[in-house]
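**Student:** Protein chains in written order, with this note's numbering: chain A, 1 to 116; chain B, 1 to 114.
Hint data in this document are derived by calculation from the structure and do not stem from the laboratory. The beta carbon of each residue, even a glycine, is placed where N, CA and C say it ideally should be. Hints may contain errors.
[Stated by the list, open to error] Some chain A residues near chain B, calculated using beta-carbon distances under 7 Å:
1. K42
2. G43
3. P44
4. F106
5. G109
6. K111
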Amino acid sequence: QQQVKQSPQSLIVQKGGISIINCAYENTAFDYFPWYQQFPGKGPALLIAIRPDVSEKKEGRFTISFNKSAKQFSLHIMDSQPGDSATYFCAASLMNYGGSQGNLIFGKGTKLSVKP
Amino acid sequence: DVKVTQSSRYLVKRTGEKVFLECVQDMDHENMFWYRQDPGLGLRLIYFSYDVKMKEKGDIPEGYSVSREKKERFSLILESASTNQTSMYLCASSLTRTRGSPLHFGNGTRLTVT
Numbered sequence: 001q002q003q004v005k006q007s008p009q010s011l012i013v014q015k016g017g018i019s020i021i022n023c024a025y026e027n028t029a030f031d032y033f034p035w036y037q038q039f040p041g042k043g044p045a046l047l048i049a050i051r052p053d054v055s056e057k058k059e060g061r062f063t064i065s066f067n068k069s070a071k072q073f074s075l076h077i078m079d080s081q082p083g084d085s086a087t088y089f090c091a092a093s094l095m096n097y098g099g100s101q102g103n104l105i106f107g108k109g110t111k112l113s114v115k116p
Numbered sequence: 001d002v003k004v005t006q007s008s009r010y011l012v013k014r015t016g017e018k019v020f021l022e023c024v025q026d027m028d029h030e031n032m033f034w035y036r037q038d039p040g041l042g043l044r045l046i047y048f049s050y051d052v053k054m055k056e057k058g059d060i061p062e063g064y065s066v067s068r069e070k071k072e073r074f075s076l077i078l079e080s081a082s083t084n085q086t087s088m089y090l091c092a093s094s095l096t097r098t099r100g101s102p103l104h105f106g107n108g109t110r111l112t113v114t
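Next up, chain B with everything else stripped away, as it sits in the complex:
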């Protein structure tokens, strides 16, 4: 079974802090994604990566950056956390660029910015 592990289940940070959310997948998947999930807004794509050191903006990249130095690890960075970034963050991976390749999600990191 594919396992996507997010390093923290819950995180509380202060406004202005730099925040790192870490995600690791164990199945040699090419593609990795970061989404945020908010009630009534569904899943919104922040950034994605199809290869090591490669990144592309999703629908809501403002205020975020990412890093993919190794194939199995994809990090989401909040350069200066703000209260409107309080949300559930979900990491996902998929095997190939073929769109029929399903997304495998981690269990999420609930981030609260105070």
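Bound conformation, chain A alone:
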């Protein structure tokens, strides 16, 4: 019930291509879905997030697509660049709960390499 399954574990994309990372969740009560980006030697940082009342959110080259009925969401990186090479984590949580119920549940991460 509390898992977030992320795929693929690693991804190699050519410069200019589209990178797609997928996540699936089980708990239908989750209502907040962020993506975090982690560069080597750094901690993760919030990249983009979505609430389930919208099906898509776009910020620059980064888009989250959300499918509530399938309990899936994905990150699309358009025109991928070598500088996008990083590890990406999806996550989910219960927006309006306090305590441990509201903590983020992270996927296991996807290591993206964008080749020049």
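For chain A, the structure is supplied; the task is to place chain B on it using the hints.
**Tutor:** Same frame as chain A, but now just chain B:
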């Protein structure tokens, strides 16, 4: 910009030693967290704290304890380090209990226990 500072970038300790990992945040955030990051296992929550002197267990608290005596500082303690605690440790903070409040992570402490 929020800054979360972890006192050590790399740490090498011997089995059985007591280990302290320190974390300080400079933005008066209510919440602080300790995660460990291992290849293929992602980020796993060890302990978290929503207030001074308050702590709650995360998903993998065994072998660890924490201390939060001041709002800005959250310490992770390995009472008797073991080799299976070799890992990257990440501290994070967030402003409020509202889940939309993003986590701000430090750059991690890579701990090796020999």
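**Student:** Could you run down the list of hints and mark each one as holding or not?
**Tutor:** Results of checking the hints against the structure:
At a threshold of 7 Å, the smallest CB-CB gap from K42/A to chain B is about 5 Å, leaving the interface hint in force. Restraint check, G43/A versus chain B: the minimum CB separation of about 3 Å is within 7 Å; hint holds. This hint holds: P44/A has a C-beta 5 Å from the nearest C-beta of chain B, less than the 7 Å allowed. Satisfaction of the interface hint for F106/A is found here, the shortest Cβ-Cβ separation to chain B being roughly 4 Å, below the 7 Å cut-off.
For G109/A, the suggested interface contact is upheld, since its CB lies about 5 Å from the closest CB of chain B, less than 7 Å. Because the beta carbon of K111/A sits about 9 Å from the nearest beta carbon in chain B, more than 7 Å, this interface hint is broken.
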